[in-house]
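Per the UniProt record's numbering, the sequence shown starts with residue 1, numbered consecutively.
Simulated from the structure, these hints should not be mistaken for laboratory data. Hints should not be assumed to be uniformly reliable.
[Stated by the list, open to error] Pairs of lysine-lysine, DSBU-like flavour, derived with a Cα cap of 35 Å: (1) K82 / K160; (2) K32 / K192; (3) K82 / K32; (4) K82 / K98; (5) K98 / K21; (6) K32 / K160; (7) K160 / K98; (8) K274 / K160; (9) K32 / K21; (10) K82 / K21; (11) K192 / K98; (12) K235 / K274; (13) K82 / K274; (14) K237 / K21; (15) K237 / K82; (16) K32 / K98; (17) K237 / K274; (18) K21 / K192; (19) K32 / K274; (20) K274 / K98; (21) K82 / K192; (22) K160 / K192; (23) K237 / K32.
[Claimed, not checked] Estimated spans, in silico, between C-beta atoms of each pair: (24) G238 / E40: 12 to 22 Å; (25) V234 / S204: 38 to 48 Å; (26) E115 / E162: 14 to 24 Å; (27) G290 / R86: 15 to 25 Å; (28) K98 / R246: 33 to 43 Å; (29) E101 / S23: 16 to 26 Å; (30) E101 / V234: 41 to 51 Å.
Every value quoted in this text rests on a predicted model; they were computed, and no experiment measured them. Beta carbons: idealized from backbone N, C-alpha and C, even for Gly.
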Amino acid sequence: MAEKRERDIEVLITGFGPFLKFSENPSWLAIKDLHDSYLEPLALPCGAQAGTRGRIHIQTLQTSVCYSHVLDLVPRIHRQAKPAGRVHRPFLDPLGEKPDESGRGPQGNGRSFPEGYNVQLPSEGRAAFDIVIHVGVGRPGNIAIEKVGHKRGYAKPDVKGELAPPATDQHRNMLPSGPTEAERAEHDNFLKAGVAPTETTGTSIVRGFGEGFEQFPEEQVNDVDVSALVDWLVKEKGLENVRESRDAGRFLCDFIYYCSLSEAQRSANSEGEKTTVLFVHVPPTGEPHGTLDAQETVTSITSWLASFRHHRR
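Build the full structure now, drawing on both the sequences and the hints.
Pasting the structure below:
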């Protein structure tokens with residue numbers, strides 16, 4: 001008698017829409033063709049026969065580069081019926097992906113997730129997505145796999161010209177004394193696009209996560225062994241330009257990462273099972289990786305993460 005196949009691992013991957021010089025965001029280009037695709041699990045010694053292990057089901061969506069939109073979208077991805085706080089509202093970027101004739105699309109239709117998104121939610125009676133991977137465009141030269149999301153210190157305006165909400169904690173302790181390397185890179189991107197970045201000064205409001213996030217720490221650290229993942233990508237997949245990072249830049253990439261790690265923690269079930277969350281920075285297209293290179297790397301990362309979800313069952 002044939003062995004029963006395990007259920008599929010459900011993966012959601014997000015990329016960003018247009019911003020500054022990127023009319024087509026490299027993070028979205030790297031993932032959009034993966035939508036509704038399936039991968040076979042890695043042949044790791046997880047104790048299950050290859051024929052009985054479920055496949056990996058990937059879905060993708062595009063999110064606008066907008067703080068209030070992230071605060072509306074991400075909790076709903078993690079099956080929160082109502083986002084925390086008051087500064088959350090969906091935003092359909094007119095320059096982003098458009099809905100089709102049915103009113104559905106990668107960016108939705110301007111209403112709260114999942115309405116209008118061409119994403120199939122995991123079945124009821126189980127956790128939300130098993131894995132959520134957020135992808136953003138980073139610095140030239142390498143792919144950075146982020147370990148940490150930050151709660152405060154967001155000073156730059158989003159695609160709507162809006163700033164992050166005031167943080168609950170207005171003390172400046174634990175904030176960096178000056179811009180980090182990733183923050184300087186974000187600053188340069190604004191200047192090159194002719195947009196004035198809003199910089200934090202000693203008298204300005206500390207911005208980030210406020211109402212509804214008081215219980216979460218200054219840094220959210222994921223539970224993925226990022227060092228082992230990087231080592232596997234280098235040794236097994238032959239990637240040279242990949243690294244671990246703890247500096248996601250304190251802009252929308254960092255913001256969505258902290259939000260998603262917090263919401264995964266908030267939504268963990270009574271047994272402590274929660275969605276695996278990771279953030280990946282891909283370089284601008286051609287610096288040095290092309291779109292297909294970035295897509296293959298994201299696919300490899302997905303397979304590696306899913307193998308450990310199988311192993312925990």
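Can the restraint linking K32 and K192 be considered satisfied, given a maximum Cα separation of 35 Å?
Since the Cα atoms of K32 and K192 sit roughly 27 Å apart, the hinted pair holds (cutoff 35 Å).
Evaluate the given range 38 to 48 Å for the C-beta pair formed by V234 and S204.
holds (41 Å)
CB-CB spacing for R246 and K98 relative to the 33 to 43 Å hint:
holds (37 Å)
35 Å limit on alpha-carbon distance, applied to hinted pair K32 and K274
holds (25 Å)
Are the Cα positions of K237 and K21 separated by 35 Å at most?
Holds, at about 31 Å.
Satisfaction of hint between K274 and K235, Cα-Cα up to 35 Å:
holds (29 Å)
Pair hint outcome, K82 versus K274 [Cα-Cα no greater than 35 Å]:
Judged against 35 Å, a Cα distance of about 18 Å means the pair holds.
Would the hint linking K32 and K160 be met if the CA-CA limit is 35 Å?
OK: K32 and K160 at ~23 Å, within 35 Å.
Given hint K21 paired with K82 - CA-CA distance at most 35 Å
holds (34 Å)
For K160 and K98, compute the direct alpha-carbon distance and say whether it is at most 35 Å.
Roughly 18 Å between the alpha carbons, so the hint for K160 and K98 holds.
Is the Cα-Cα distance between K274 and K98 35 Å or less?
Distance ~32 Å between K274 and K98 Cα, so the pair holds.
Does K98 sit within 35 Å of K82, going by the straight-line distance between their CA atoms?
Status holds; Cα separation ~25 Å.
Hint check: violations occur at hints 15, 21 and 27; the rest are consistent with the structure.
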